[in-house]
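**Q** Line by line, the protein sequences are chains A and B.
Here our numbering is used: position 137 in the first sequence is 136, and no number is missing along the way.
Here our numbering is used: position 74 in the second sequence is 73, and no number is missing along the way.
Derived by calculation from the structure, the hints in this document are not laboratory data.
Any given hint could be a false lead.
[What the hints assert, rightly or not] Covered by chain A, per the in silico footprint, the following chain B stretches (three or more residues, Cβ under 8 angstroms): (1) 33-43; (2) 63-77; (3) 100-110; (4) 115-122.
Because the structure is a prediction, the values reported are computed rather than measured.
Ideal Cβ positions, reconstructed from N, Cα and C, are used throughout, including at glycine.
There are 2 protein chains.
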Amino acid sequence: MSRFLTPDEVEAAFYAAFQTLDIALMGAVWAAEEPSPVCVHPGGDLLQGRGEVLSSWREVLTGAERPELHFRVIQRTATNGLAVHLVEELIRPSRSREEPNRILATNVYRQTAEGWRMTAHHASLPLMGKRPAAATPETPKPRMH
Amino acid sequence: MSRFLTPDEVEAAFYAAFQTLDIALMGAVWAAEEPSPVCVHPGGDLLQGRGEVLSSWREVLTGAERPELHFRVIQRTATNGLAVHLVEELIRPSRSREEPNRILATNVYRQTAEGWRMTAHHASLPLMGKRPAAATPETPKPRMH
Chain A
0 MSRFLTPDEV EAAFYAAFQT LDIALMGAVW AAEEPSPVCV HPGGDLLQGR
50 GEVLSSWREV LTGAERPELH FRVIQRTATN GLAVHLVEEL IRPSRSREEP
100 NRILATNVYR QTAEGWRMTA HHASLPLMGK RPAAATPETP KPRMH
Chain B
0 MSRFLTPDEV EAAFYAAFQT LDIALMGAVW AAEEPSPVCV HPGGDLLQGR
50 GEVLSSWREV LTGAERPELH FRVIQRTATN GLAVHLVEEL IRPSRSREEP
100 NRILATNVYR QTAEGWRMTA HHASLPLMGK RPAAATPETP KPRMH
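In isolation and in its complexed conformation, chain A is listed as follows (with noise of 0.2 angstroms):
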């Protein structure tokens, strides 16, 4: 099993892991302990626990090819024990020529007995610009006025 001795080092190996299809490699970045793993695809359901979600990656990476990938850490909030990335994925399919989808995600890390290890991973697709258009669920529309 690997140790990571930074959120950084979980971070590429994540990236790692996804890009070159590695489940040995993403079961050695998430977190075993309490409290239970938790993660978000783009669109998709809460997973909780470290069986449902690394199921999950199971068959993101199962008999996929290999995807073009790309991530910028946009900010790093940390103290001790205790890491959250806000991160710029670029993913394109293998031999796709379209643009790649651009994800944006928030990346939790917490150090434990075995190093530091992945316990979260939220993230969306942005569809629809900055602005909170009248359609987003956040938006306690209809106007009054």
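With chain A held as given, fit chain B onto it using these hints.
**A** Using the frame of chain A, we list chain B on its own:
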């Protein structure tokens, strides 16, 4: 200005500001200092910096009617000075008879000189159930076999 003594107090104020359309309270909820606040509304792009984040909330809250809003913390992860909550939000526009929108949010709180403040809110709408479909942008398909 309010001063929040715990992450749960900021969170309660965040949802109260949302539910009562209280822009001043929303301003008191968000951190002022570095690292600058980040916010992703459901389906939205990254908003970065206190000005951009609060401007989006002003747009959501201004002229709206109070929504029906319930939230439930599914998971808390915390260390000294930093806390991450995974929250389920149920939001129904005022006078709507439809089912409420169910939103998943990762909320990040930081201890600052002015007490606990929100520093990140990443929200998304589950559209596809638990299983990452072939259409999921995180899925590096096509398959080889």
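**Q** The structure should be examined with respect to each hint, and the outcome stated for every one.
**A** Hints versus structure:
no.	hint	in the structure
1	33-43	holds (count 8)
2	63-77	holds (count 10)
3	100-110	holds (count 6)
4	115-122	holds (count 4)
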